[in-house]
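Number of protein chains: 2
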Amino acid sequence: MKQNVLYSNNVDATLNSIIEGGNYNAIMVHVDENTRQLALPLLPCLSNAHIIEIAPGDNNKNIDTLSRVWSEMAQCGATRHSLMVNLGGGMVTDLGGFAAATFKRGIDFVNVPTTLLGAIDASVGGKTGINFNGLKNEIGAFAPAKAVIVSTIFFHTLSEQEFKSGYAEMLKHAMLHSHESFEQLLNFDFKAIDYDLLLQMMQESLLIKQHIVEQDPNEQGIRKALNLGHTVGHAFESKALADGKPVPHGFAVAWGLVTEAVLSHILKQFPSKDLYSLVHFVKDNYGAFHITCDHYDQIIDLMRHDKKSRDREINLTLLEDCGSPIINNTINEDDIKTALDIYRDLFKC
Amino acid sequence: MKQNVLYSNNVDATLNSIIEGGNYNAIMVHVDENTRQLALPLLPCLSNAHIIEIAPGDNNKNIDTLSRVWSEMAQCGATRHSLMVNLGGGMVTDLGGFAAATFKRGIDFVNVPTTLLGAIDASVGGKTGINFNGLKNEIGAFAPAKAVIVSTIFFHTLSEQEFKSGYAEMLKHAMLHSHESFEQLLNFDFKAIDYDLLLQMMQESLLIKQHIVEQDPNEQGIRKALNLGHTVGHAFESKALADGKPVPHGFAVAWGLVTEAVLSHILKQFPSKDLYSLVHFVKDNYGAFHITCDHYDQIIDLMRHDKKSRDREINLTLLEDCGSPIINNTINEDDIKTALDIYRDLFKC
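Line by line, the protein sequences give chains A and B.
Position 270 of the first sequence, counting from 1, maps to 282 under this note's numbering, and the rest follow consecutively.
Position 158 of the second sequence, counting from 1, maps to 170 under this note's numbering, and the rest follow consecutively.
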């Protein structure tokens, strides 16, 4: 499942060498409306590619869009010897990766993430898929891209919200890795982004992830650590979606990281100093996700539906400290409610 | 991609030991209307399983049925620690295998083929998938079943047509393997089926296939030999489907084997004696697929759309002799038309 992750701001040349080396009979580029307009012009090597364009947004990451992409691939005359380039955020790479992995039982694809979230979340691990029946990534496959080209050249047009959404995933990796990484992330200057430093930090972040994924490609053990912040985060995200007020994935992860850090503090003595640093950072940069105690049952039910759940148990990764994750903690409802109480208190919501 | 293929007429005990050994939190059995009625009662170990029933027939092997199966899996509360048992013909195992391989990015599944075609065609190789846009198995994945249980206990209720449809795939394996295997197959007594001999012949047939698949799991080389009879066969099958007069898959394969044996005779000196034995056997048991020269262009176009085609070239496996396949023969239209002329002449159609 190891993917070839290439770190380069010379994306066009890097992609071109993959295309030329592959002897493909057709090149497709899968984009959304935004990346067609903003990212595709930066890649002249794709000027003759078949363009498959979809509507942006996680709400379009569904079976209907997938069917349309499959149809367009067929219309392009794609065969097993064709290449799909997924140029976009995580939605484009997840859906496009799954489309490619299942078209004629699998063709080559290259992911070119255009968002920080896409780069960090979807570059390593080979996860592809779509939402289904209101559940995120319910349908999908583990399928490695032929290559992933990680760069910062597309980030200049990202909104602050999009940027911070991706940054939350880097924060997660830092918390899994070390106190030093965590501190570095908390001190990054969002007002004057140093893109060279950022590419280097992204590489470090992805190496942390890659190291974990390689130890456990099928998510039976330590890879579950990467779920930090996501069980609660996905529940918040699903609730927001159900309420018709979707929130950016990384924002949900940031709030999830706080809630799971609270649980880590209660159950595993995660240091209060680090918890408060995290809360401070998240409040400043992500604001708050507003819930009341009336929402607890809904949130807990959504947590029970997590893909990684067994027997509807709620299974979390907790931290004893930054760099010391403990996987496979079965959490009872009372502790979750306590953590949600504390979360609301910390965020004054 | 190696699958665990178990040959046993004690299917219930074999399946039960898999279920008990797996510590699953939910067992689903995926059936069609026919296998629910005729096959499921033979397996008491599934009496408490969630039943997911679909309508039979290759025309239902589509995205709508797949979506419904995914939904029902979710409704059953299936998690990554659940098991799907696909009990049926190739349509049930192909679609159910793909549903399981993509539900939450993949859960365990066991295939229990109930037809000879399903046992021979879908037991080895890990191919799963659905039809899409009028093309067979256009969408799918290579995904190994946890186990495949091959038996003859479900064959007593097969129609003669269903039985012969599966037998054509065994004939293909025999032709790829040896003159001796080919002769054994031609001499089998369809009027008084010896099921013990049949299970043994099935095992030999699947070992031939398994040996080829293991040499080339990703279908880059020798595995293409298994396509013998299928490029023409699929074109016949697609044409029949387009005409609203579907033919059984194995019948199309039998006619495809004849046409490709004619091409092998023309281009690779496949012995005329064996060609005539094959024609005699196929005419006697499968009748003829009626085409006229007005259909040649349509058939050739369908052959160009074959999943394994590159650049719309028609690429066939041919035989120098039984047991001596030659892969990667690019065939020109004139030779195909000549072969179709000879096919029509041999079959008087």
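It is possible that some hints are incorrect.
Computed Cβ-Cβ distance ranges for the label pairs, DEER-style [to be verified]:
#1 N60(B) <-> E332(A): 51 to 61 Å
#2 P56(A) <-> E325(B): 23 to 33 Å
#3 S29(B) <-> G335(A): 52 to 62 Å
#4 A25(B) <-> G146(A): 35 to 45 Å
#5 L279(A) <-> N16(B): 37 to 47 Å
#6 Q232(B) <-> G256(A): 22 to 32 Å
#7 N341(B) <-> G146(A): 45 to 55 Å
Derived by calculation from the structure, the hints in this document are not laboratory data.
Where a beta carbon is used, it is the ideal one built from N, C-alpha and C, also for glycine.
Outcome of the hint check:
1. N60(B) <-> E332(A): 51 to 61 Å: 41 Å, violated
2. P56(A) <-> E325(B): 23 to 33 Å: 30 Å, holds
3. S29(B) <-> G335(A): 52 to 62 Å: Violated, at about 43 Å.
4. A25(B) <-> G146(A): 35 to 45 Å: Taking Cβ atoms as reference, A25(B) and G146(A) lie about 40 Å apart, which means the hint holds.
5. L279(A) <-> N16(B): 37 to 47 Å: Holds, since L279(A) and N16(B) (Cβ atoms, about 40 Å apart) stay within the stated range.
6. Q232(B) <-> G256(A): 22 to 32 Å: Violated - the Cβ-Cβ distance for Q232(B) and G256(A), about 48 Å, lies outside 22 to 32 Å.
7. N341(B) <-> G146(A): 45 to 55 Å: The hint (45 to 55 Å, Cβ to Cβ) holds, given that N341(B) and G146(A) are roughly 50 Å apart.
The structure does not agree with the numbered hints 1, 3, 6 stated previously, though it agrees with the rest.
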